[in-house]
Structure formats: structure tokens, C-alpha cells
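For reference, the chains in residue letters:
Protein chains: 2
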Amino acid sequence: MFSQELTEREKTILRYVIHQFILTASPVGSRNISKKYEIGLSPATVRNIMADLEDLGFLNHPHTSAGRVPTDKGYRFYVDSLMEPHLLSPQEMSLIDRSILQEMIEREEVLKLTSMLLSNITNLLACVTYPKFDDALLQKIQLVELGGSKILIVLTVKSGVVKTITLEIHQPAETKQLKAIERTLNERLSGLKFSEIRESFKDRLQGTIDENMKPIIRVFLNSVDKIFSDIEGTEKTFITGARNIVRQPEFEDLSHFQSIIELIEDKDVIIHMMDQSAELTTEDVSILIGGEHKDEKLNEYSLVTKTYKLGGTAGKVGIVGPKRMEYSRVVASVVYIAEVLSKQLKNTY
Amino acid sequence: MFSQELTEREKTILRYVIHQFILTASPVGSRNISKKYEIGLSPATVRNIMADLEDLGFLNHPHTSAGRVPTDKGYRFYVDSLMEPHLLSPQEMSLIDRSILQEMIEREEVLKLTSMLLSNITNLLACVTYPKFDDALLQKIQLVELGGSKILIVLTVKSGVVKTITLEIHQPAETKQLKAIERTLNERLSGLKFSEIRESFKDRLQGTIDENMKPIIRVFLNSVDKIFSDIEGTEKTFITGARNIVRQPEFEDLSHFQSIIELIEDKDVIIHMMDQSAELTTEDVSILIGGEHKDEKLNEYSLVTKTYKLGGTAGKVGIVGPKRMEYSRVVASVVYIAEVLSKQLKNTY
DNA sequence: TGTTAGCACTCTTGTAAAATTAGTGCTAAA
DNA sequence: TTTAGCACTAATTTTACAAGAGTGCTAACA
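Same order as they appear, the protein sequences are chains G and H. Under our numbering, the residue at position 5 of the first sequence is numbered 1158, and the numbers go up by one with no gaps. Under our numbering, the residue at position 279 of the second sequence is numbered 1432, and the numbers go up by one with no gaps.
It is worth saying that the hints were derived from the structure and are not from the lab. Hints are supplied without guarantee of correctness; some may be wrong.
List of simulated lysine-lysine pairs, DSSO-like, C-alpha gap at most 30 Å [as the list claims (entries may be wrong)]: (1) 1285(H) with 1285(G); (2) 1379(G) with 1189(G); (3) 1311(H) with 1329(H); (4) 1389(G) with 1329(H); (5) 1311(G) with 1188(G); (6) 1389(H) with 1285(G); (7) 1367(H) with 1293(G); (8) 1379(G) with 1389(H); (9) 1329(H) with 1316(G); (10) 1316(H) with 1303(G); (11) 1379(G) with 1293(H); (12) 1420(G) with 1389(H).
Which chain G residues stay away from chain H? Per the calculated CB distances, all over 12 Å, these [what the hints assert, rightly or not]: (13) 1162; (14) 1189; (15) 1215; (16) 1255; (17) 1389; (18) 1395; (19) 1481; (20) 1492.
In silico contact screen, one side only, chain G against chain H (beta carbon under 7 Å); selected entries [stated by the list, open to error]: (21) 1295; (22) 1297; (23) 1299; (24) 1317; (25) 1319; (26) 1322.
Being a predicted model, the structure only gives us computed values, none of them experimental. Heads up, the beta-carbon is just placed ideally off N, CA and C, and yes, glycines get one too.
Please put together the full structure from these sequences, using the hints given.
Here it is, written out as C-alpha cells:
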């Protein structure tokens, strides 16, 4: 990478520029750096270095006679090599512990709480997604007669999560029949991933099926996508803290609102983006800066995410904020919260 | 009321002023009225009338030498007595019919779609709440063993809506025991309202209960609020169209954003407000203008809602927008959509 | 008595010029 | 290699002024 090409001094200046920009949100000039940070260099020298950094693509000029602004590449280098790890204060950690580690609250409550906590700590938009069923292993299926021609399908997953769907079969079913179907489904599907089931449901139910189960099986076939889909996650994903983000100075210009509004209106956008970030780093924290994520609408934002564990599956916690964010602090918060959340979920279930 | 005190001419002027203000969002002056609307009166006369209307509290002055702006009272009089009913165009009606009356979509899909449709038609913030369980009659309770010490409670309501809750009982239960409890619960609770059950659960389960059911019953007692609560509704309430509302000219000043953001962030605020509106008018459409609703944050907004029916229970559809909205059109849209929605839900379930 | 015309006055809005500010790039000197 | 100095730029803020819209009031009119 380019890190070899940068001298120590250039790195220092770059760090200061980014630091300063993060604080003030306005282009930072050479004199400013030379004064504020006790570096034995004159503005002119700093100017030269900044010009070099600009040539290398780490900084940018909105126009002549304005200070420098970090580019995406600049931020990237900053988070990769320059940033000093931030330690949460004991108060913050204790706040997180106390908020999340309390017993006796619903799982969904925990997630919502976590999201609210994260957005309060970072003053940014926080998001906690529900674990994806896709990677979950089906433990068993139960069918419950609801009366009329309705049945309730209860899916239990290894991690202990339960999902229910009501299904309309167009004829009243006999209890015996349903029991038989239930047995068959369990024999052939349990232990598989949801995604596998979706793909191969039809094949797996082929053959050796009692003739008079057929009509009901057909209903199942038609609804397989619905039953084994993942949309649940969308409903149970929590996005909080929009109030914080609109206070950021970058919102002086109205147009940016659109994208944020859309963000909280359909969670799908964020969820999709968080999925995308998963592909890059599974274990560690993932940082996506500006144009690095595919969605154009979010070119002006960065995304910091980390997975948390729930049984065998994993959800994500993360934040969305302007590219100019205190990465070190945000990363520390996200990481710590994800850990506490994992711990809490393990204890309770 | 004051309607007696207003002459025909005053009413006409008031109507025109409000009309004009709805269109332009900026204070309307006397000359403007005198010219635009073919009224045989000079600006000066109009001025006099407007001054009278101001004394009566229907209009307001931002400052000397600005045009007049309707007050809440002005709007109230307008929607009560002045407004001409608006007829939706056949195109609009057909659009609504086609969107909502399609078969084979999930109930929740229908609600979401309805909300989106309504916000598109009105260009305002639309909201569709899930029917309240509180007023629903419990049809039956089923208990399903999930394995381990977990059970799933399935509540079926008269309207066909089903609600499920997983419950952790701290000891493994025997099938026979559960069946017995299930029977008892059904005998004593079915046919009652959720709200009644919440209040009297303990009393109803008093006496003649088998000794070894006790521990499980106790878990039920502890969780009764959770089981028969209404929070489900919050999750299944859809709020859409925020992107529209931020385009309104009243958003030139940033501060107003806060309230809107909060509105879509916790749906509770809107849901609560819609509940509140229910107290006023159960059957017909309800209009709340500016300060008429208790939540200060929404003093600058109006709320138009109507109930729709689902089985024995009722949900709400409504819109939130700046006080300066085309009430007649909005009312027409809300009413029509609520009707179509009721029809659709009746057909499908 | 209700209506209108005229006029002075008040605010807001728009625009253009001027002053201010923060910052750069370049050259020459240390 | 670093620094100081200087000319130059682009954005921002200030200021001033003119135009427009609207009111309130008084006096005249039908």
C-alpha cells in the first residue's frame, strides 16, 4: 500500500488534519495546524506537506484558497494505520453493562435498548439487526390447528429463536393428516439451513408421500418462500438516533435530509448495507467509508459495524454517520456493545 | 358557536383566505383576494373584513404589513362549516381499488401498501395502525410445547388474527399438565376482551386448580401483561411518506425537522395521538388541528384519521401534515381508503 | 351606513457592491 | 530543507439601497 510512501511527518500532518476536520467539519488550513498542535513547523512547511498529501490523494481542496478536507482514501488510511485505539471510560462501560446486562427483558427489548444506547453514546444513527434466519439451522417444525382452514407453523431454530407463520390451507385438515405431515417435514428438513430449505424444499418432499397429503403439501410448496424467508428480520431491526444526526453541521444543506429520511423510512437500505459489510469482515469490526459502499445515496456517510452472536447465528450492530466521525471512539463503542450484547444473549437463552 | 356571528360575506372571505394560504403557504393580503377571486369588493373593503375576522380570532397577523394567516380556530371553522366536500377523481379511486383490493397478499402487506398509497396520494405523512387487541374478543388459547422449558402461547381472536408469544417456564412441563391448563384457560377466558383478561386474570384463575399446575400458572400470572398486552400493534404500524413532508415550504426552518424525525422514529407518538383522536369521533372522520392535540411537538401539524374495521376490532388510517393542508382532498382520500381497506379485509378473512 | 380611494408607514425581500477573512502558491532567503 | 513574505483567490459577511406587498386610517362617496 501507500503507507510506505509516507514519511513520519506526513503521517503526523495527515492525522492532525483529519483530527481537526472531525472536530470542526470545516476545511482545515495550514496555519491552523501549525498553531494548534505543537509541532515545530511553520505554516509554510505544513502547506508543502499538505500539497504533497493532496497529490497522493489523501486530501482534497474544495477550491483554491480553502483549507484541506480528507478524501475517502485519507479516511481509509487514517482508520487503517493512523488512528489510535480509543478506550471507553469506565463510566461509559458501566453504563453499557448496566443497560444491557439486566435480566428479564425480552430479546427484542434488548436489541432496541442496545440501539438506543449506541445512538446516545455516539450521537449518530445506530442500527441493530435481528439475526438472520438464513444461516440458522432448523431444529423442528410444529403444526398447530387454528380451526377453520388455518394452521400455524412453528419453526424452532437451534439458537432457541422461534418463528411462527399462519397459513391458510383451503380445506379443513384432519389432525391425523397434519401429524403425518409434521413428521415428514421434520424427518426431511430438520438440521438444515433455512436457505437450503428454500432452495431444495420441492426436491426433498418428492416421493413416498401419502396421496391425501398432497393438497396440503401443495400449499406448503406455494408458501415456502414466505415460510422460510427472512423478512422477519426487517421488522425486528431497530434504527434509532436520527435526531442526533440531523444536528450535524453537514445538514445545513437541506438536500442531505432526503437520504437520511429514506434511511429510517425503509430500514431495508441499511439492513442491506450491513449485510454487504459482512462480506468483508466476519469477525472483526468493519468500516465502510463514503463511496466504499455501493449505495450512492450514502456516499457522504460511513458505516461501522460488528457482528454479535446469538446461538449459532449472528446479527449486527452498527452505526451510520457522516464520514467525519470520531472513528476511534465509535469503533470502541460498537465493539464493546457488540460484546456485551453477545454475552447477555448467551446468558439469557 | 361563532358561526352565527359571521355574515355570508365574511365567510366567503375567510374561505378564500384559507384557500389561498393552503396553496401558497405565505400570508395572503387583501389586494390578492380582491383580484384573484371574482368578488365585487375592493381591497379596502376586504381589508376591513379581514380586520374583523382577526378580531374574532379566525385570522392572524405575523406582523404589521404582512398578509393574514389562518389561526387554529380559523381552520376549525373552515373544516366544520366552510369546506366543500371533495370528490376523488375516478382515476384516483381506481388506483386505490387496484392497489388495495388485490387478492393474496398478507394482511400486514396490505396495511403497509395502504400507508404508502395514502402518502403518495396526499403527499403527506401517512399512518396505518394495526387493530388494537384490547377490544378484541379472545376465541381460544393453545399451548404448544417447544421443548426444553419453553412453551408457545397461541392466541386466536374472533376476527381471525393470531398472536403468538413464547414463554419460559422454569421447569419442563408434562404434556398432560399443559393440556389441562389449556382447557382451564379456555374455559375461563374465551370470549373475553384482552383488556378484561389483563385486569381480572388472577381472580378468574382462582380456586379449583390442580395443585401441580400451580408453578406454571404462576409463570402465566407474572407474564399476563406481556401476553395480553397490545405492544404488537406498535411493531405492525406503518408510517410512510416522510420524504414528502420535508418538501413542504414550512420546512425552510430547520427546527421543525426535529419533531418530524421524532415522529417517525418512535411510532408511539403518532399511535398515541391517533388513539386520542378516537375518543372524539368513533365513526366518522376525525380532524385535529394544531394545538387541538395535546402533544406540543405537533402544534404545527394537523391530523386526519378514520377507523377501519377488521373483524370485531378497528384500526386506524390517517395522515399527518402541516396545518395548511388541503383538508377536503385529504379527508376524501382518508375516508375512501379506509372504506376500501375495510372491504378488502372483510373479503379476505 | 356601508364602501371605496388615497396616502403614509412598516416590514420583508432582493441585489449589488464593498469589506473581511482564511487560505493557497510561489519565490527567495536562511 | 525550512521558513518568511507577498500576491492572489474564493468564500463569507456586511452594508446599503430599492422595490414590493400589505396595513391602517381618514375622508369622500353612494
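Hint check:
no., hint, verdict
1, 1285(H) with 1285(G), "holds, 29 Å"
2, 1379(G) with 1189(G), "violated, 59 Å"
3, 1311(H) with 1329(H), "holds, 27 Å"
4, 1389(G) with 1329(H), "violated, 34 Å"
5, 1311(G) with 1188(G), "violated, 59 Å"
6, 1389(H) with 1285(G), "holds, 20 Å"
7, 1367(H) with 1293(G), "holds, 29 Å"
8, 1379(G) with 1389(H), "holds, 17 Å"
9, 1329(H) with 1316(G), "holds, 25 Å"
10, 1316(H) with 1303(G), "holds, 13 Å"
11, 1379(G) with 1293(H), "holds, 25 Å"
12, 1420(G) with 1389(H), "holds, 14 Å"
13, 1162, "holds, 41 Å"
14, 1189, "holds, 30 Å"
15, 1215, "holds, 23 Å"
16, 1255, "holds, 16 Å"
17, 1389, "violated, 8 Å"
18, 1395, "violated, 5 Å"
19, 1481, "holds, 27 Å"
20, 1492, "holds, 24 Å"
21, 1295, "holds, 6 Å"
22, 1297, "holds, 6 Å"
23, 1299, "holds, 6 Å"
24, 1317, "holds, 4 Å"
25, 1319, "holds, 5 Å"
26, 1322, "violated, 14 Å"
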